[in-house]
Amino acid sequence: MTSANPSLSPLPMETAAGSSLFAELTQETLALTRRLFVQLLRRPSTLVAGVLQPLIWLLLFGALFANAPSGLLPGGESYGRFFGAGVIVFTAFSAALNAGLPVMFDREFGFLNRLLVAPLRSRSSIVLASVLYILSLSLLQSMAIILVAGLLGYGWPGVAGLLLVLLTLTLLVFAVTALSLGLAFALPGHIEMIAVIFVVNLPLLFASTALAPLSFMPSWLAWLASVNPLTFAIEPIRAAYNGKGFLDAVVLQAPYGSLNGATCLLILFVLALALFLIVRPLLDRKLQ
Amino acid sequence: MEKLGLIELHHLTKRFGGHRKTPPVLALDDLSLQVPAGCLYGLLGPNGAGKTTAMRILCTLLTPDGGEVRVGGHDALADPRTVRRLLGYVAQDVAIDKILTGRELLRLQADLYHLRPAEAEIRLKELIALLAMEDWIDRRCGTYSGGMRRRLDLAAGLLHRPSVLVLDEPTVGLDIESRNAIWEVLRLLRDSGTTILLSSHYLEEVDALADRLAIVDSGRVIAEGTPQHLKQSLGGDRITLRVREFSTDEEAGRVRDLLQACPSVRHVVVNRAQGCSLNLVVEDERAVEAIRASLTAADFPIFALASSRPSLDDVYLQTTGRTLMDAELAVMGQRDPKEERKQQMR
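Read top to bottom, the protein sequences are chains X and G.
Sequential numbering from 1 applies to the first sequence in this note's numbering.
Sequential numbering from 1 applies to the second sequence in this note's numbering.
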């Protein structure tokens, strides 16, 4: 039998190899990211819910204190304006917290195995694709909320302020994504994953300065809020909205001392880095 | 190129579990196997024999507790990426992304194997034509039937023109038409020089397709060779006899004693699962006449009398002491699919 069909004959190794490391890394990472976006576009409910939920927060919770006595908040701010920064951060935070879910489903359904038998240049591409996807998704959702909040009269940070807002959100999203991806590999299934997300989500919001300033809180809660990563994201954004000097002005009067915007960002950066370093051995082990 | 298809598994052992209450399960027990390049090789054994575990180790999804794996001379444990490029793997539980279309899934796969875009499009066209997928390749995978999924998965495994194709139970649960289509492609691939390792618990499949085969049982290879050779090595012919459609135990016993006295009859077994029919191993076809004569002489009727050459089932029976069907039934109750799914999760 010599009916060698050209479309069927195997290819010698030498021609199969060849292109550069970087080109191949880009190719595989983009392909994996594209898949996540195709999923999002064909099943847009996560995107819609991700915008709708903070929008409802903004409308209902923002209106809750509409008739509160003026001067309730330090600086005489309106509550809606005060709350806007909190909602923006909460939007990005919730989106990032879900980052691990697609990975968890791939683990459970065995799609991950399909990726693992392929000769990927680096299996970090799988993680990187998730990070890219969640970063763009959460920034997109946050932008939608920023625009709506602006239209509702809750303020607008200006162009420089907007850049600072996006930078702050990026740092927070990196940190939370690392955590979520870690959970996606550490937990046994999506039920457990959803349970953890459920338990973490709201308490972190309540124990931050999203809903009320530190001066409203009893000291134990003020302490908690002053070490909550969400607070380190909320306060610089709030300052950006109020048009203060973004980075050098004091934005948080924590019980342990005053922090300026730059320090908050530095803390977020260190947190993101630390979480990635902590989670990395786990990812390496699971992805070998 | 010839060498690239060579598969060598040396003394593989693999244990699963062993935490908490469950004792560890020995999935592979010193399993060794050598598949020559360009060979269509069958792994035959009941569910739970270790076929899937061996294949997952070969495809670098699992690391063995001990042993060595080489594909085309490359060490799969030391250099898994090279081996992954040589291999195409079609797993048993096809995991597909329901929301993507077949074409999008193939494109994703092409990118994971770093095919150039132009090259990938040509490959896609070829494979879509070869596996007759034109009509539905642009529909979402979630709508596919079992046969479509299997064909899509085969195409995905072939995209990068692997030297070695590994298929885990490729036709299980498929209709005859899809099965034949897959068989046809596998034969074409073999003829074009691809090494194929295929696992199955269907005797006919391995008999019809494989150039060589290994019978795997309890994590080890218990027989190996060409189907022809394995069957011939058993020697003798097989005869199935029924004096009535349903005999009593007692009657079957008397017939057995009668036939055991015939000089050309080697061995008689009463098969209670088949209405007390009798399974005989005889020297050659002339024994049929002797049996007919002695039954008539003793006044027994004959309901059915059929003779055949030894089959792979007989080979299995001879080496393990049970039929493949019995082995299947025996493991069915013992396995815990949920636990096995967990082990496959990363």
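Be aware that a few hints might be false.
To be verified - Now the stretches of chain X that chain G is said to cover, found in silico as 3 or more residues with beta-carbon under 8 Å:
no., stretch
1, 39 to 50
2, 53 to 65
3, 100 to 109
4, 262 to 269
Rather than coming from a laboratory, the hints here were simulated on the basis of the structure.
Bear in mind the structure is a predicted one, so any value in this text is a computation, not a measurement.
In this text, a Cβ means the ideal position worked out from N, Cα and C, and glycines have one as well.
Here is how each hint holds up against the structure:
no.: 1; hint: 39 to 50; in the structure: holds (count 3)
no.: 2; hint: 53 to 65; in the structure: violated (count 0)
no.: 3; hint: 100 to 109; in the structure: holds (count 3)
no.: 4; hint: 262 to 269; in the structure: violated (count 0)
The structure shown violates the earlier hints numbered 2, 4.
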